[in-house]
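Chains as they are written, first to last, in the numbering used here: chain E, 4 to 106; chain X, 4 to 106.
Treat the hints with care, as some may be off.
To be clear about the criterion: a stretch of chain E counts as covered by chain X if any three or more of its residues have a C-beta under 8 Å from a C-beta of chain X, and this derived list gives those stretches [claimed, not checked]:
#1 16-24
#2 39-53
#3 56-66
#4 69-78
Restricting the straight-line Cα-Cα distance to at most 20 Å, the calculated cross-link-like pairs of lysine to aspartate or glutamate (DMTMM-like) are [unchecked claim]:
#5 X/Lys39 x E/Glu75
#6 X/Lys47 x E/Asp46
#7 X/Lys78 x E/Asp32
#8 E/Lys40 x X/Glu68
#9 X/Lys53 x E/Asp14
#10 E/Lys53 x X/Asp20
#11 E/Lys78 x X/Asp46
#12 E/Lys78 x X/Asp14
#13 E/Lys78 x X/Glu68
#14 X/Lys53 x E/Asp33
#15 X/Lys40 x E/Asp20
#16 X/Lys53 x E/Glu83
#17 E/Lys78 x X/Asp20
#18 X/Lys47 x E/Glu68
#19 X/Lys78 x E/Asp14
#20 E/Lys47 x X/Asp14
#21 X/Lys40 x E/Asp14
#22 E/Lys39 x X/Asp33
#23 X/Lys47 x E/Glu75
#24 E/Lys39 x X/Asp14
#25 X/Lys39 x E/Asp32
#26 X/Lys78 x X/Glu50
Honestly, the hints are just simulated from the structure, not real lab data.
Bear in mind the structure is a predicted one, so any value in this text is a computation, not a measurement.
Heads up, the beta-carbon is just placed ideally off N, CA and C, and yes, glycines get one too.
There are 2 protein chains.
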Amino acid sequence: RRSHMAVSYTDPQVSMDLLRAVLQPSFNDDIMAVFKKYQKFFDKAAENVKENVGDDIQTDQLIREACRNTLEHAKQLFPEGEAKRAGSDIAIKRARAADEDCI
Amino acid sequence: RRSHMAVSYTDPQVSMDLLRAVLQPSFNDDIMAVFKKYQKFFDKAAENVKENVGDDIQTDQLIREACRNTLEHAKQLFPEGEAKRAGSDIAIKRARAADEDCI
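Whenever a hint applies, use it, and build me the whole structure from the sequences.
Following this line, the structure appears as C-alpha cells:
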C-alpha cells in the first residue's frame with residue numbers, strides 16, 4: 004500500500020513532466036546564464052524607454068516581460084503537431100532550421 | 004513620408020519587443036545549445052515511455068512538448084507583477100532565488 008504509486012507512471016505526459024521537473028532547476032540556471040549575455044541590451048532599452056516615456060516606467064517589469072516573451076517565442080523551436088517522424092534527432096534539426104526565420 | 008515610422012516607438016512594450024525580436028535568433032541558438040545538454044535524458048525517457056506504453060507513441064512529439072513545458076516553467080524566473088524595484092539587477096537576483104523552488 005504505497006500511496007505515492009497512485010501517480011500514473013504510464014501516462015506519457017506525466018512521465019515526461021516528471022523528468023522535466025527534475026531537470027528544471029539545472030535548466031533554469033543555464034537559461035539565466037544565457038539571459039545574462041543579453042541583459043545589457045535589455046537594460047539599455049528599458050533605460051531608453053524610461054527616458055523617452057517618463058519616470059513612471061518600471062524598467063524591471065519591462066525587462067522581465069521581455070524575458071518571458073523571449074522564452075515564449077523560443078517555443079517555436081519545438082513546434083506542436085508535426086507529422087510522425089522517425090526520431091527526435093530530425094525534430095531537433097528541423098527546429099534548428101526553423102530558428103532562422105524565427106523573429 | 005516614411006510609412007514604417009507609423010510604428011509607435013513610444014509604446015514601451017513595442018520598443019522592448021523590437022529588441023526582443025532582434026535578439027531572438029541568437030537567443031534561440033543559445034537555447035538549443037542548452038537543450039542539447041539535456042537531450043539524452045529526454046530521448047531516454049521518451050524511449051522508456053514508448054517501451055512501456057506502446058509503439059503508437061510519437062517520441063519526438065513527447066520530447067518537443069517537454070521542451071516547450073521547460074520553457075514555459077522557466078518564465079517563473081521572471082515573475083509578473085512584482086512591486087516597484089530599484090533596478091533590474093534585483094529582479095535577476097530574486098529570480099535566481101526563486102529558481103531554487105522551481106519544480
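These are the hints, each one checked on the structure:
no.	hint	verdict
1	16-24	holds (count 7)
2	39-53	holds (count 11)
3	56-66	holds (count 8)
4	69-78	holds (count 10)
5	X/Lys39 x E/Glu75	holds (19 Å)
6	X/Lys47 x E/Asp46	violated (39 Å)
7	X/Lys78 x E/Asp32	holds (12 Å)
8	E/Lys40 x X/Glu68	violated (26 Å)
9	X/Lys53 x E/Asp14	holds (11 Å)
10	E/Lys53 x X/Asp20	holds (15 Å)
11	E/Lys78 x X/Asp46	holds (18 Å)
12	E/Lys78 x X/Asp14	violated (25 Å)
13	E/Lys78 x X/Glu68	holds (9 Å)
14	X/Lys53 x E/Asp33	violated (29 Å)
15	X/Lys40 x E/Asp20	holds (17 Å)
16	X/Lys53 x E/Glu83	holds (19 Å)
17	E/Lys78 x X/Asp20	holds (16 Å)
18	X/Lys47 x E/Glu68	violated (34 Å)
19	X/Lys78 x E/Asp14	violated (25 Å)
20	E/Lys47 x X/Asp14	holds (16 Å)
21	X/Lys40 x E/Asp14	violated (25 Å)
22	E/Lys39 x X/Asp33	holds (12 Å)
23	X/Lys47 x E/Glu75	violated (26 Å)
24	E/Lys39 x X/Asp14	violated (25 Å)
25	X/Lys39 x E/Asp32	holds (15 Å)
26	X/Lys78 x X/Glu50	violated (28 Å)
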